[in-house]
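Asks: Letter by letter, the chains look like this.
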Amino acid sequence: MPDKVKTKMIRVHIMGKEHLVPEGLTIMKAMEYAGYRFIRGAGCRAGFCGACGTVYRLKGDYKLYFELACQSAAIDGMSLTQLPFVPANKATYTVRLIKETGNPILKFYPEVARCVSCNTCTKACPQQLEVMDYIQAALKNDIEKAAKLSFDCIQCGLCAIRCPAEIAQYHVGQLARRVYGKFVKKSNQLNKRLNETNKGKFNSELDELMKMDKAAIKQKYTERDLESLAKKK
Amino acid sequence: MKIPYYPGCTLKAQGLGFETSAIASAKAVDIEMMELQRWNCCGTVFSLASDDLMHYIAPIRNFIRVQEAGYDKVVTLCSMCYNTMKRANLLVKNDSEKLKTLNDFMYREEDYKGNVEIVHLLELLRDEIGFETISKKVIRKFNELKVAPYYGCMLTRPKEVGIDDWEEPQIMENLITALGAEVVDDPMRGECCGAYHTVNSKDLVAERTRMIVTSAKNRGADIIVLSCPLCEFNLGTRQKDTIEIYSDFSGIPVLYFTQLMALALGMGKEVCRFDLHYVDPRPLLIEKGIIEEGEEKNAR
Amino acid sequence: MYLKLSVKNTESDFVKKIEEISGENLMKCNQCGKCSAGCPSVSRMESLPNQVIRRVQLGDESVLEDDTIWLCASCFTCAVRCPKGVDLSKVMEALRLLTLRKNVNYTQIEKIPRDELEVLPPIALVSNFRKMTS
Ligand code: SF4
Ligand code: SF4
Ligand code: SF4
Ligand code: SF4
Ligand code: FES
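Protein chains in written order, with our numbering: chain A, 1 to 233; chain B, 1001 to 1300; chain C, 2001 to 2134.
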């Protein structure tokens, strides 16, 4: 009879309540093991959507750490909570109408001028971005730098929840990237694709989809072949 | 000489001509200004609360950047940056406990040791280069252009950070003379332009602008020169709002001292960016025969 | 305006707090008025700068309610001119902070018109927000 592999169990505190969970799970899986069901605060489960921000502290350490629940492992003795959503300020603007003059960032997010360069946002970023540097670049009207430094942002909002100046860094970064795409460096591929779309290149495929019933769409989706799709390009 | 240079936010936007004219004219007198890497906004105003620490992080982080670059001196152009950074520096130099707390907070950075000095470009020109040396390099004639220097608040107050006497400064007067222009003696040169009230009390600023600009003008000034992009905005761009409130008001151009210097040293439109000023100085400069008609047309 | 003078007021927590935050000894002021003579915002102030310091000396908390402290431009004219070495600009800041530290802003950032934001240089916004938002 083969030896039963004994999984080591670890102790995690989820929103103040202690749970025993098997070692080696992500925080998200550990929470599910403990009986939590994710209705909000989980999306891609692959580190891309930014829905699963988590804040934790380790035993014997005063610091708070910030991670994605789907990407980082549960650690023995950790105490954690989820922050699925941040009610941060998001300006409304029409990219088409944004003018190049002045500082477009300060126009829509004047609070960027409140940054005190404390670097707390950078410390909170699970993507290890230089968040302070991109906010500072935005303040200096260096759109290119702000766009490039924020490129890997997944909009989790953890920076914003930490900022003493109440800045919504991720929305600022997004605006910087939009302005960058509009004025600084226009994307050739995008223009090409927009032209194709306008000329109706995809109309027949879309029409076909519109005619299918739900079951057929489901089947098409499950049978899709990502590799050959990629090759077809 | 080579020296790291701290620009400040506005010199990358509305104050671009301040930066470009400063770098070019400093170079002409053998100062190579190298922009500091990863500098951040200094906060522009010094926190006056004895129990505050948060607002010193920004200036001190900039001193860490100078230290990282291996220098013990940094030059700045904007009066407000100068004032804020100098006061923060003095504060931590005299209070090792506060310095330690700040260093501990910024644990990801190397510790600031308190050995960096911040100077204003005017000080560098006076003390390291000498106005006499500068005057020998003057190429362009100013043809009796009358210039009123404007110090505002941050270059001379408070006493411990002032680059010159706080009631009777002479540093800009001496530079203007060295550059071959005529100095206008103006008692309003140290008066406040209304500063940040420009955001929510335009009328207060208009009142100040009217008083300050009119005083210079009544004493015969053709232009005002200064060293702060906020003063430039209030005394220059806000002339538009001043005329709306005081219909009898009429203004004069407002320039940075570095633009005057660049002109004197033979440079022009490529570094001065006169196009960024609300009151266009070019017609006056053409009329005085300082720049030529058409010279401004191919300005960037 | 009537003000009740009592030791209770002049030694109140309010006075102590202002002395603590500003780091200034308010009692040094002898009401010479030099600060008010040089203040750029004085034409709009409800109380003159020297009156502000007097009211704080006497523990008059209502000084927080008038616009005077918000009209100060932190120009340091009063600070360099005071013959008694009082830095009134620090007292003004301490008074503003009593309000700001309660998470109340004087500048309503969201009310600044967007066409103004297009012309205002960063230096104006940064300094204004540092002095008038919490
Ligand atoms: S920048 Fe902010 S929102 Fe973007 S990934 Fe980092 S913490 Fe999340
Ligand atoms: S947390 Fe906020 S104030 Fe601090 S550096 Fe980041 S954006 Fe600036
Ligand atoms: S100048 Fe000084 S002593 Fe005179 S009233 Fe003002 S604060 Fe008081
Ligand atoms: S610091 Fe404030 S109170 Fe003092 S003179 Fe200047 S504006 Fe007036
Ligand atoms: S669930 Fe999408 S990033 Fe974690």
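Hints are not guaranteed to be accurate.
[What the hints assert, rightly or not] Calculated pairs, DSS-like style, for lysine-lysine (alpha carbon to alpha carbon, straight line, at most 27 Å):
1. A:201 x A:211
2. B:1100 x C:2017
3. C:2102 x A:90
4. B:1240 x A:99
5. B:1159 x C:2034
6. C:2102 x C:2084
7. C:2034 x A:90
8. B:1269 x B:1146
9. A:63 x B:1098
10. C:2084 x B:1093
11. B:1217 x B:1100
12. B:1288 x B:1012
Keep in mind the hints are simulated off the structure, nothing from the lab.
Asks: If a hint holds in the structure, say so; if it does not, say that too.
Replies: Right, here's what the structure says about each hint:
1. A:201 x A:211: holds, 18 Å
2. B:1100 x C:2017: holds, 25 Å
3. C:2102 x A:90: Cα-Cα ~24 Å, so holds.
4. B:1240 x A:99: Cα-Cα ~22 Å, so holds.
5. B:1159 x C:2034: Holds. Residue 1159 (chain B) to residue 2034 (chain C) sits at ~17 Å (cutoff 27 Å).
6. C:2102 x C:2084: Outside the cut-off at roughly 32 Å; violated.
7. C:2034 x A:90: violated, 48 Å
8. B:1269 x B:1146: Holds, at about 20 Å.
9. A:63 x B:1098: holds, 21 Å
10. C:2084 x B:1093: holds, 26 Å
11. B:1217 x B:1100: Not OK: residue 1217 (chain B) and residue 1100 (chain B) at ~50 Å, beyond 27 Å, violated.
12. B:1288 x B:1012: Cα-Cα ~30 Å, so violated.
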